[in-house]
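Participant: Those sequence lines, one after another, are chains W and C. The letter at position 162 of the first sequence is residue 162 when you use the UniProt record's numbering, and the numbering goes up by one with no holes. The letter at position 180 of the second sequence is residue 180 when you use the UniProt record's numbering, and the numbering goes up by one with no holes.
Hints are not guaranteed to be accurate.
Claimed, not checked - No more than 30 Å apart at the CA atoms, straight line, and that leaves these computed lysine-lysine pairs for DSS-like:
#	chain 1	residue 1	chain 2	residue 2
1	W	K39	C	K39
2	C	K39	W	K2
3	W	K39	W	K2
4	C	K39	C	K164
Claimed, not checked - Label-pair restraints from in silico Cβ distances:
#	chain 1	residue 1	chain 2	residue 2	range
5	W	R53	C	M1	15 to 21 Å
6	W	E278	C	E140	52 to 58 Å
7	W	P134	C	G70	37 to 43 Å
8	C	T138	W	R146	45 to 51 Å
Claimed, not checked - Below, a sample of chain W positions facing chain C; criterion: calculated Cβ distance under 10 Å:
#	residue
9	L4
10	R8
11	G145
12	R146
13	K230
14	A231
15	V311
Calculated from the structure, these hints are not laboratory results. In this text, a Cβ means the ideal position worked out from N, Cα and C, and glycines have one as well.
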Amino acid sequence: MKELTYHRAEDAASAVALVTGDPDARFLGGGTNLVDHLKLGVTSPTTLVDVSRLPMDEVAELPDGGLRVGANVRNSDLAAHPAVRRGWPVVARALLAGASGQIRNQATTGGNLLQRTRCVYFQDVTTPCNKREPGTGCSAIGGYGRYNAVLGASEACVTTHPSDLAVGLAAVDATVVVLGAGGERRVPMGDFHRLPSDRPEQDTTLAHGELVTAVELPASAVARRSTYRKARDRASYAFALVSVAAGVDLDDDGRVRDVRIAWGGVAHKPWRAAVAEEALRGKFLSEESVREAAEAELAAAVTDEQTAYKVPMVRNLTALTLTSLAEGATR
Amino acid sequence: MDAEITLTVDGQRRTVTVDTRTTLLDALRERLGVTNPKKGCDHGQCGSCTVLLDGRRHLTCLALAVAHDGAEVTTAGGLSGPDGALHPVQQAFLEHDGCQCGYCTPGQVCSAVGVLDEIRQGHASHVSEDLEAEPGLTDEEVRERMSGNLCRCGAYAGILAAVKQAGEQAGEQAGQEGAA
């Protein structure tokens, strides 16, 4: 590990100025991913700017019924917040499906969105990886590929985004509030993470030095009736093979007035299944109609023998999630 | 870069100069001689380094010491009373043989104290049917909540029984205090 200069940020603006002005500086939040990467040598910053004590730790109800979540709100506190449990159960469920109790006490809302892939090659500095070292190649293509993407991958990178929270936020149309040297801007969740293209080293659309200060959740009927399901190798404390964040609003006849579907474990970013959503609007929600809608979305999937299982798995999990939501299940 | 930090560890105020790259776990073990938190995987996967940090269960291997200047750390060794009386969770681990080789035990005990506090505060878990209901102290709930602590000996059956017993005792005590 390189020598490390540590700054405790006085305020958000000076933290942004420090990191913006130094390409080898990084923000430090809860540290659960970054500290591991320092040890593994995945990243070698020379300066850390600790933003974890900045007063961005409140969950505030907005006048329009929405919620503003400070970037430093810990994952466990966000999952336990009464307004989140009531109005955005998919967000609470996604958080509770991720990591362990200890890590949820440490990890922040902003940091969760900025965690990096758990691709074994990204974390193993002895192997080529375009995300870690641009231009070196992708070891996951033709290597251990069980966790690889099936949608939106590129020749440069086939990894998936590891966050559960981000999938839940994508489903409820959250907005990420970002502070940069030029001031504040608001980024819709769908535009926050990116597909790998030929620049897989860029997980997000943030510029170096831009700081996530908050995440805003708009209130909606689909958010109130929403949940998150995750398929994984162990019952607990494992990353997703695939996951589904979904919400639904039915009219009095039981037809779909509105629906939200986002998938985890299938792409370099949370995958909002817009084709499937459109296919379901105005329809009766049944196992069959959801499967058909999911298959329309998955027509674009590219698989190999290691990832082929993901297509039926995410289709079936989507059907299970939405039909159980329609039947009034809370989990 | 070096930094001087002050930690309160098991009730004792300790000041130490650390390299900024030092984890909280290494600061405790190597610099302050507090060896209750154990180094298992050192990557946040096993839970053996768990302490209570400002009252909440926390991994010390994925934390830089310098970032926690001023923190209050309680290790498994600091849970017992001033007269040496065991904490109810420690006592329950003994009674149910929740230890085998013992290496993961301090982390398990700290995590269990955190789990019972989280249940008392009404926090749901991944396996809770209803996010807004009071969580129960069931096998399923305890297993899910303790999933960040691995035991290679496989003493899980004893650990599960111990956590449930300590939780039930705490619940009864709270009930008696409420009635009095």
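Participant: Hint by hint, note whether the structure agrees.
Facilitator: Now the hints, each set against the structure:
no., hint, result
1, W:K39 with C:K39, "holds, 14 Å"
2, C:K39 with W:K2, "holds, 22 Å"
3, W:K39 with W:K2, "holds, 10 Å"
4, C:K39 with C:K164, "holds, 26 Å"
5, W:R53 with C:M1: 15 to 21 Å, "holds, 18 Å"
6, W:E278 with C:E140: 52 to 58 Å, "violated, 38 Å"
7, W:P134 with C:G70: 37 to 43 Å, "holds, 40 Å"
8, C:T138 with W:R146: 45 to 51 Å, "violated, 32 Å"
9, L4, "holds, 5 Å"
10, R8, "holds, 8 Å"
11, G145, "violated, 22 Å"
12, R146, "violated, 18 Å"
13, K230, "holds, 9 Å"
14, A231, "violated, 13 Å"
15, V311, "violated, 25 Å"
The structure does not agree with the numbered hints 6, 8, 11, 12, 14, 15 stated previously, though it agrees with the rest.
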